[in-house]
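Enquirer: So the chains spell out like this:
Protein chains: 2
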Amino acid sequence: MSNLELPVLGQDGTAVECCSPMVREPLGQEAAVDLARMFKALSDPVRLRLLSLIASHEGGEACVCDLTGPFDVSQPTISHHLKVLREAGLVGSERRGTWVYYWVLPAALARLAALLEAPATAGGAG
Amino acid sequence: MSNLELPVLGQDGTAVECCSPMVREPLGQEAAVDLARMFKALSDPVRLRLLSLIASHEGGEACVCDLTGPFDVSQPTISHHLKVLREAGLVGSERRGTWVYYWVLPAALARLAALLEAPATAGGAG
DNA sequence: TTGCTGTATCGATGGATGTCGATACAGTCG
DNA sequence: CGACTGTATCGACATCCATCGATACAGCAA
Numbered sequence: 001m002s003n004l005e006l007p008v009l010g011q012d013g014t015a016v017e018c019c020s021p022m023v024r025e026p027l028g029q030e031a032a033v034d035l036a037r038m039f040k041a042l043s044d045p046v047r048l049r050l051l052s053l054i055a056s057h058e059g060g061e062a063c064v065c066d067l068t069g070p071f072d073v074s075q076p077t078i079s080h081h082l083k084v085l086r087e088a089g090l091v092g093s094e095r096r097g098t099w100v101y102y103w104v105l106p107a108a109l110a111r112l113a114a115l116l117e118a119p120a121t122a123g124g125a126g
Numbered sequence: 001m002s003n004l005e006l007p008v009l010g011q012d013g014t015a016v017e018c019c020s021p022m023v024r025e026p027l028g029q030e031a032a033v034d035l036a037r038m039f040k041a042l043s044d045p046v047r048l049r050l051l052s053l054i055a056s057h058e059g060g061e062a063c064v065c066d067l068t069g070p071f072d073v074s075q076p077t078i079s080h081h082l083k084v085l086r087e088a089g090l091v092g093s094e095r096r097g098t099w100v101y102y103w104v105l106p107a108a109l110a111r112l113a114a115l116l117e118a119p120a121t122a123g124g125a126g
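Quick mapping for you: the protein sequence lines, in order, are chains A and B. Quick note: the first sequence uses the working numbering, first residue 1, plus one each step. Quick note: the second sequence uses the working numbering, first residue 1, plus one each step.
Some clues are possibly wrong.
If we take Cβ atoms under 7 Å as the criterion, some of the chain B residues that face chain A in the derived model are [what the hints assert, rightly or not]:
| id | residue |
| --- | --- |
| 1 | Glu25 |
| 2 | Lys40 |
| 3 | Ser56 |
| 4 | Leu109 |
| 5 | Ala113 |
Pair by pair, the computed Cβ-Cβ distance ranges are [stated by the list, open to error]:
| id | chain 1 | residue 1 | chain 2 | residue 2 | range |
| --- | --- | --- | --- | --- | --- |
| 6 | B | Lys83 | A | Pro76 | 16 to 24 Å |
| 7 | B | Val33 | A | Arg24 | 24 to 32 Å |
| 8 | A | Val73 | B | Thr68 | 37 to 45 Å |
| 9 | B | Glu58 | A | Gln29 | 29 to 37 Å |
| 10 | B | Arg37 | A | Glu30 | 21 to 29 Å |
| 11 | B | Ser74 | A | Glu25 | 19 to 27 Å |
| 12 | A | Glu94 | B | Pro76 | 43 to 51 Å |
| 13 | A | Glu94 | B | Gly97 | 58 to 66 Å |
| 14 | A | Gln29 | B | Arg37 | 38 to 46 Å |
| 15 | A | Cys63 | B | Gly28 | 19 to 27 Å |
| 16 | A | Ser79 | B | Glu58 | 19 to 27 Å |
| 17 | A | Asp66 | B | Gln75 | 46 to 54 Å |
To be clear, the hints were calculated from the coordinates, so they are not data collected in a lab. For glycine and all other residues, C-beta sits at the position ideal for the given N, C-alpha and C.
Let the sequences and hints guide you as you build the complete structure.
Expert: This is the structure in structure tokens:
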């Protein structure tokens, strides 16, 4: 249950509408729906902190037991948020004995980062 | 009403928790709330397409009249989504005579992109 | 002024979402 | 086996959100 079927594509450079900066060409509806799902997973403060906790944890992965402490919400809520992140294709998970480990899928983050990349030359916020 | 008070900071390299990749260090709660608000603005397919339409429009800005056509939703809904994007600090807007123009604020997109940037060396989604 | 067009706001509504307590499931230890 | 811990699922609930039609506001043209 680690890798969902991500419609990710040309790692080798084949330009797809999903990965080029959105300042270059308008997003298609399909791509927009797919990307919006991933951004929605990032649209909650708890999930954002969970993701950064996992990503910055040593070894690049974290046990759920490391993730429930830093938050004021209940354990089922943490489990729910982890499920959202997993179903969005942002993290993978695996059970090892008693504990369940989560790790970030860098390709997914990179896909979103590439989309947001901009020349930053036009009149920006500052 | 173009520039909201973005707590953006060191463009010159001063490391702030908002801008360093989340794989480096855990996000603080305040930063997470702030960033989640921006990601939430990107979590809707219509808004994502609106943003890319604006960004990829010639001159880097687009009239609302250019934005209502490509969608199946009503004009008030488009107006609502544009407001969400504006209040999230992702776009600026200005009225010029009859028409209202919107443009992307690249610094905001760059801030999010920097956060998502990862070494992309660990076992990724593929 | 009146009329027309472009855009924003209002109020309502159905559906999605975050949260919880209770509980079920998975694995380890006696 | 039973007891215990770690994690996920269930069901409920309050709130938020995308959407709409109706309407108000802003600017231009007669």
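Enquirer: Give a verdict on every hint.
Expert: Here is what the structure says about each hint:
1. Glu25: Since the shortest Cβ distance to chain A is 5 Å, the answer is holds.
2. Lys40: The hint holds - Lys40(B) has a Cβ within 7 Å of chain A, the shortest such distance being about 4 Å.
3. Ser56: It holds, given that the least Cβ distance between Ser56(B) and chain A is near 5 Å, below 7 Å.
4. Leu109: Result: holds, 5 Å to nearest chain A Cβ.
5. Ala113: Since chain A brings a Cβ to about 4 Å from Ala113(B), closer than 7 Å, the hint holds.
6. Lys83(B) with Pro76(A): 16 to 24 Å: violated, 34 Å
7. Val33(B) with Arg24(A): 24 to 32 Å: holds, 31 Å
8. Val73(A) with Thr68(B): 37 to 45 Å: Hint holds: Cβ distance 40 Å, inside 37 to 45 Å.
9. Glu58(B) with Gln29(A): 29 to 37 Å: Check failed, 22 Å falls outside 29 to 37 Å.
10. Arg37(B) with Glu30(A): 21 to 29 Å: holds, 26 Å
11. Ser74(B) with Glu25(A): 19 to 27 Å: Holds, at about 26 Å.
12. Glu94(A) with Pro76(B): 43 to 51 Å: holds, 47 Å
13. Glu94(A) with Gly97(B): 58 to 66 Å: For Gly97(B) against Glu94(A), whose Cβ atoms are near 59 Å apart, the range 58 to 66 Å holds.
14. Gln29(A) with Arg37(B): 38 to 46 Å: Because 25 Å falls outside the window, the suggested range is violated.
15. Cys63(A) with Gly28(B): 19 to 27 Å: holds, 22 Å
16. Ser79(A) with Glu58(B): 19 to 27 Å: At roughly 48 Å between Cβ atoms, Glu58(B) and Ser79(A) fall outside 19 to 27 Å, so the hint is violated.
17. Asp66(A) with Gln75(B): 46 to 54 Å: holds, 48 Å
The earlier numbered hints that this structure contradicts are 6, 9, 14, 16.
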